[in-house]
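**Student:** The chain contents come next:
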Amino acid sequence: MKKREFVEILLMREQLLIMICTNRRILSLWLLYLFGILSISAQETYIYGKVTDRNTGEPLTGVTVSVVEEKIGTTTDAEGSYILKLQRPQQMELDFLYFGYKTERLELTLQDSLKCDVQLNPMENMLSEVTVTARSEIRKLKESAMPISVIGKQQLQGTASNINDVLARTVGVAVRNTGGMGSASRISVRGLEGKRMGMYIDETPMSQLSNFVALNDIPTNMIERIEVYKGIVPYKFGGSALGGAVNVVTKEYPPTYLDFSYEIGSFNTHQVSTVLKRTDRKSGLQFGIGGVFTFAKNNYKMTLENLDSRVVERNHDRFKKVMGGMSVKATQWWFDEMKLELIFMKTRQEVQGIDLDVREAYNYSLNYITALTMKRQNFFLDGLDFDLDVGYSIGRHGLHDKAMHRYDWDGNQLPPVSPFGGEQNNFPSDGRNRSNELMAKLNMGYTIDLHHTVNLNVYADHNSLHPTDSLMDKALNFRSNFPSKMNTVTVGLSYDLSLFDGRFLNAFTLKKFFFTSHSRSINVYSVTEPEPVKVFKNYFGFSNALRYKFTEDLMAKASFNSEVRIPTSEELIGNGHSILASPALKPERTSGVNLGILYRHIKDDGGIVEVELNGFYNQLEDMIRFTPDMIPTMARYRNFGSVRTKGIELEAKGDVCPLLYLYANATYQDLRDVRKTIPGTEVENPTYNMRIPNVPYLLSNFGAELHKENLFGFKGQNTRLLFDASYVHQYFYDFEMSKHQERKIPTSMTMNAALEHSICDDKWTFTFKVKNLADRRVVSELNRPLPGRYVGFKVRYLFK
Amino acid sequence: MRNCKLIFSAITMMACICSCSNSDDPTPVPTPTPETEAFKGIVFATGITNPEGNSGSVYMQAVTDLTPGSYDNSNSIPIGFGSSPIATESGNVYVFPDYMGNTKAEIVRYRISNTGKWEKKGALSIPASASACNIVELNNEKAYVSLQGLGIVMAFNPTTMTKLSDIDLNSLKQEDTNVSPASMIIRGEKLFIGLNQMNSQYMPARNNIELAMIDTKTDKVEKHIINTTLGMCFATRPIDPNSIFMDENKDIYINCIGSFGFLPQLHGGIVRIKNESTEIDPDYCIRLDQTEVKELPTKYADFLGTIYYNGNGQLYAYANSYKLDPEGIENPYVSITNIPVVIDLKQKTISIIKGMEISNPQGIAISKHKELIVFGSANKKANGFYTYNPETKEVAGPIMHVKGNPNFFYSFAK
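Chains as they are written, first to last, in the numbering used here: chain E, 22 to 821; chain L, 5 to 418.
In isolation and in its complexed conformation, chain L is listed as follows (with noise of 0.2 Å):
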């Protein structure tokens, strides 16, 4: 069974996001030690499976900018299957070991030279089975790892990679499934940790939608959010550090999961926790069941498979429409059911990007290099990574050509 979580980690993978914090999130994050000038490049990594299925490697690199090309993975440095590296503005990236195990139960920090070469910074210790999926830093002192095979979040030293402490959420779980604590985020003093409960399917049991705040000075559990109002469930992908994110105001918004579009009943969209408050708005929502998205032929999607804000309410993703691929439901590991979108969060509305391909869902990726978005995409004519302006809505790409599912990327350059 190794191998189904193997497989899970290959999943989470989809998504892969670039940075864990947000570029609005005004809480304090280390700040890098003066070392030569910042590296302002980009990194990015790309997934390759081995010929039985169930284990393989993800390849990262960092390149100094984005120079159309192609570009092999025989300089990258293989980190652990299935998991997603964390990119932070303090200019550290973190590696985590594979998702299902069998890899140096170890993460890995990393700065990069202004040329581009890594430095491995330090080393923290994790147990075994641990599934560590996400990072954010309070400060130079303290950050928080979630442990999802645990139920934990281990609090650490980033700049000495030590252990300070754990914050063991078992307690939240409901009666029929574990707890896994998946994306975080700081704002203010308090951590919001999306919490996946998840029965021996992986699948949640109801539509609640739970987060644990945390406080940062404790350490403790303050409150166990939970809303069962808005028919949605599965707080944050564990592998997307974006699906938790803040907006301008301070307003956090989770990209609720679901069922990744297998049980009609349980659903997924988006959801806000508004400033000042630690209670899921009851009063918005955009449920990707009743929500159609715009031009794309099946109407609906099954999940957001990952998401990047770019401010002023806009935000993008990729879209899950299983429909779009004949064997989409049957086949849903390489068919092409993955679109690009863009959501309006105060409209409401969901639209597609035109020009843009489909891709698997091994191969998804959305960040930003200046005033781009950037789109890793594996499709049916190239594997690789599109920019789409904003502004023209112009869509160019490949721009580089990989080899391999393109399933992260993350741009210092601003």
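One chain only, chain E, in its complex shape (with noise of 0.2 Å):
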């Protein structure tokens, strides 16, 4: 210390300037002082200084400080000390930017140079500048012209163990899964679903990664935010989709951070998540690792309807599925943001028999992914924003299923499906199915002014699909998987228009899909030879939102959209083995309208009051479907009818006081078969004007949340009693045709409660959650027994 004070006197008698905080550095500048080599203008000016936390006083590494509008800039050493040197005297602004903390600026006037020690706001402040900033996001998304449904972090938590559960308590949203933990599920937007939704991890359309990984795989911990789109995809997610999209916001980290959670439940049920994050100092670099493990017996006991209504427990249904990442994230070069991460999955589930009793067949799937982020605003141009995304995954998956017995539920065994073996379908199988993929999207943006933005989005994908099934060959004596080749490409241009001081938005956007695919097929089973399938199309689709501001709190959104979804590669050329190719597939084609009125107000004390209504129309042309043929392996994808859609939507929610939060939605959805004459015929279509089968038209969620700080009068808590239930009308498995129908998934009410605590400023969270509350019997897609109550306990700690 002694040496650093007599050199700061030394300097600042000296009218030089200089002061760094590292001992070696300020001798060196001591020694070039000596010998005369630095030669100091007197034009030149320095300010240097030392940044620190305000709370702890410790040294800040990194710390960006650059001269407002100019070009001049430099980052804090490891011992938080900088200098900057400026040519002359003048007047100025200094920014402190540091990721975590709240940017400081400073007006100056430098006569001379100037010693300039700046405390940052420490990270406490800057998390609850992020909630802000997060509350103002969602507020932000639900004011825009587009009709959708925001999910922020705190209905993440509380009852709900993955994103499904909180999914199916959104407005116009219904989620149906076929079983316990791991299972599959059809998450369904205003009753289109399935390839007709989007679904999104950060704005990135998931591709053939769903294939591998459901939504429902990513932790809640994990999760900033949901944002549900209905009937209009924005513009800057890329891809095809015309029902809807559900994009799944993951959380930005602060620079050290650390996330651990555990949650063990009924049924074996186990989860364990953790994330910690770490900023280096010197180079800004941001370091994160996180991994997620699952695992379920889901052992739950079911009745058989099908076999006497008998009672059995669930006997082969493990899930275990293991996740793991790293990240690395530059913020300090030429990109405003760079990203690249890595990612590993693995995932093991068994099949459990329904009608009979599967004993040895599962699923597998083993995933690698690397993406690569790169950001950055006024990208050689003033106001134009670049963003850019690229991912590669390679994927390995099959089902196993090499059985030699089938068994009945009494025990009786059975001869295999096929001579080779075999529980499932009607041969066995031992796959060892090799896909890649790589997806590029580009997001361009241009703020032309306040009131006029423009945005091009390119979205590339190349997958290739490699099956291998040698035994499932064997069974059906000829070669039945083929490589493939899938390429799209989708333009999109968009013009944002915002008028009356931001009254009045609105959006359009002109999108052009393109799209290839090879390979070879098996046209019909007559031909021993596959032909190759080459398949190349392009479309155009567009959509319109606006909204207009009556008031602060209340606005209304008019949208249309006329979009197309690009038939998937299966839909095209088919598997192989179980479905052909239908090169002259056309795309389905949606054109929809949406008006919706939204009052929201934010009350004096913070809290919200919001009631939204929306009414919707859409017609569905072109519907692929799914069609049998002569013999079962001969199926295939075909253009088939159109389905019209009208419905209704309503939600209220809000904080009735500081202490009670409730909510309430209902939606209504008309699905129809409109097609009046069976195609290529004349014909009437017995179906015609008849609802949708199998898909639910009336469902209604309530909710509360009654929550309380420092309940039992210590600081630093909080504690969170939440109440939810979902409420689905029954609905039809077949068309309703007959007053004898039976078939139909019956009326179901479910209710979750949990209780939440957390300790020392949200650092350790407890919560304990019951799901179906009064263990209703629930099924779906008729025969599809789902779990009982489900009692859990989840231990979250957090250091930040």
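Be careful, since some hints might not be right.
[Unchecked claim] The calculated label-pair distances, taken between Cβ atoms and stated as ranges, are:
| id | chain 1 | residue 1 | chain 2 | residue 2 | range |
| --- | --- | --- | --- | --- | --- |
| 1 | L | S129 | E | T768 | 24 to 30 Å |
| 2 | E | R712 | L | K358 | 39 to 45 Å |
| 3 | L | S74 | E | L681 | 45 to 51 Å |
| 4 | E | R712 | L | Y288 | 39 to 45 Å |
| 5 | L | S74 | E | Y689 | 30 to 36 Å |
Note that these hints are calculated values from the structure, not bench results. C-beta: ideal position from N, C-alpha, C; glycine also.
Fit chain to chain and form the complex, with the hints in mind.
**Tutor:** This is how it looks when you write it as structure tokens:
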């Protein structure tokens, strides 16, 4: 210290500047001075100093120090010190930026060199800032022109164990699981589901990845919010989806962060997830590592309705998933943000029998993903924002079904499905399939002025599949699986208009879809040699959404879209063994209108009151449908019919008082078959104007949250009591033709509750949750029994 | 892959025959319990597929007569998709679960009151995934049901609807196929079971015509009947109970499906087992690839989707010829490829029935009502039931317009 003080005095006295905190560097400067090498111009001035954490006094490394509106800047070193050389005395503004800290801006009049020590607001303050930002982001999204539901962090905790639990409570969304943890699920928005829905993580389409990972696999701890878009998919997302989209926005973490949680629950369920983030002060690089482990036996009791209503325990439904990932993010390079991620996933899921007692079959998948993100504002041009995502994944997956016996629920041994074994399907499987996918999404937005913004989005995807199943081929007596490739390019051009001080917003998007597909396929099974299949097609689509704010709290929304969904690889070129190629398949096209009104008021105490009403109309043309054929192994996809949807959604929520939050929503969606005649004939369609079966049409949710800080008198604590209920009205599995119709999915009313208590300013959170509180018997898909009451306990540790 | 199975049911359902026991069959059948006056009307069914294509339902209803008009399904009884009911002369109507499963695994026996009201008389539990497809009655105390999916024929008491025993046929399977019992017939004390030897493609592997002969006293396999010389395969269609029938001479005739016309080397047609014999007659066959159909533009039929024997050597059938529809072979499920024909078993000739519409393969049924042959047809103009008068050769219809694919017809009127 003496040496440093001495240097400081010396420098000050000599009207030199300079001040840096490492002894070595100071010594160097001093020596330079002594040897006269460092000549200081009379016009040169210096700003120097040290940046520290306001609370701890610890020096901060890697803080960006820059002169506003000039390309002059530096970063602090390991001791938190910086030095800036300026050419002349001047008036200026100096910014101190550091991730996780509030940016400081100082106005300085520089006559001479100046020492300037700065203390930055520490993380706690930043976190509250982040929360505010997140809330305002939700509000901003809600007030956008598009029909959207946003699920925030608070809703992701509590009674929910996964994303599906949360989505199921969202207005207009229906989630139908087929079993317990890890089971397949169908998410529909306004009645449109499956491939018509876009699934996105941080605005990036899951695409082929959805074969290996479901949105549901992402731990809720890692999610900032979930956005559910209805009808219109934002242009920035890329890809083709027409029923809507679910976008999971993952958290941005502070520089140092550890999040660990463990949940144990009924049916031998264990879930562990952890995230560790650390920032290297010197380089400013942020390193992250995380992992998830999920295991569930799913051994709940189920009633076999088709077998004398006997009750059995599920005995072959183990689910195990391991995910691990790491990331490196740079925020101080030429790009504002550059992030590289590596992810690994492994899943094994047994096949649970319902009609028969399946004992050996299971599915597995193994996947490696790497992703690169680059962002820069003012990209070579003021007002131009650049955002590029590139991802590559390699996957292995398959069904392993080689059992030489089947069993019924009485334990009787039955022959396998083929002489070569198998418990499922019509043939055994020893699938060893490989897939590769390269995806790139470029988004370039240019703000022309306060009123006009244009955006170009280019999304390209190349995927190749290399299926191998020698056992299946043996059973079929011919080679059935062939490699295939598919390329997709979607170009979207959009124009945003904002008028009347932002009270009027309009977003117009024009999209062009291109796709090519190559494979070999058997068209009919009388052909012994597979024929090459090549497809190239392109289509247009567009959408427009507008919003007008009557007052600060009241606004109206309207949107129209006419979009297409590109057929999937399987739909176009089949799978080689049970689904034939349909190269002439047209994409599905939907035209829809949404009208909505939103009242959103923020009360003086910070609480909200929100009521939203939406009406929608949608017509789906050239619906792609799986159609059977003369023999079962000759099914294929065809354009088959039109479906018209009309519906209405109502949602109300708000803070009744500082302690109590209530919400309720209801959806009525009426999907009808609007084909007047049977295709290719003059014959009246027997199901004309009938409700589309197996789609719920009346859904409702309601819930309450009672929350109180420091309920037990200590500081830094928060207690929440949550209750959620979901109601789904009964619906038919088949077209409703007869008054004796019995096959229906019965009305379900399920309730969940949770008690959550956090201490030490959220450092520790303990949650006790009960799902399906009343232990109701719930089934989906006619004959898929769902779990009864689930009791779970979760502990979460958060270091920040 | 359940989907595929579902489809198969839909396919097999195309023929949907009416009765399981032929009018010429002298085998004693259960005598209906004297109730009120027996039902003298008609039972028919239509199939409707769900939007996703791999599920749906069949709707069965009873009407008192072949009265012209339009019939919807509002009063019908939903039954398993891909299955066809079995109506017997004893007055029983058996209903199977969905061919592919996913419905209650039981066979329900109904009777119909003289006013057309359905009365459930009992239910027989069967294993899940059994794909039950055909029933024949020996008497009041014993009947047989073939369980395609398990390779088993189950003997049961039709009065009490309880299981008696299983006849396991899996030992009769070929090396590279599974054996699936299909349609059956009883002659004397012997039960003849058509055997479908299918690989994982639902296709036969070789030109073998195979049946199992069971002694109904012991319910044991007495003989594995195999013919390899006639060059045909796939004995009987599982959901077409008339695909095996007996004529006035107690000669058993068998409709061999071949490979549904997909594999050119595997053939279909008609063969027989003569009275007093338990071997397939090596000197008799009508091979479809070798027998030209008179006035059929495509000349040859691929297979016979469903058949009905009307006595005196006259066999009525729907002949499938993919070439009738430009997209027939590529789109066989919805293409219009099934043409009504009459087959002279004695002359071994096949002729089309002029004036009858060509149907899609899902909406076909043939039976007899009084003196008329009734054809269910789902064609380009209408869905319904047409009549054909064998004496006058007059075609009329559709007499009954229906909603969905007409795939089953049975008349209790004589």
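**Student:** With reference to the structure, classify each hint as holding or not holding.
**Tutor:** Hint check:
no.	hint	result
1	S129/L / T768/E: 24 to 30 Å	28 Å, holds
2	R712/E / K358/L: 39 to 45 Å	42 Å, holds
3	S74/L / L681/E: 45 to 51 Å	59 Å, violated
4	R712/E / Y288/L: 39 to 45 Å	53 Å, violated
5	S74/L / Y689/E: 30 to 36 Å	32 Å, holds
Hint check: violations occur at hints 3 and 4; the rest are consistent with the structure.
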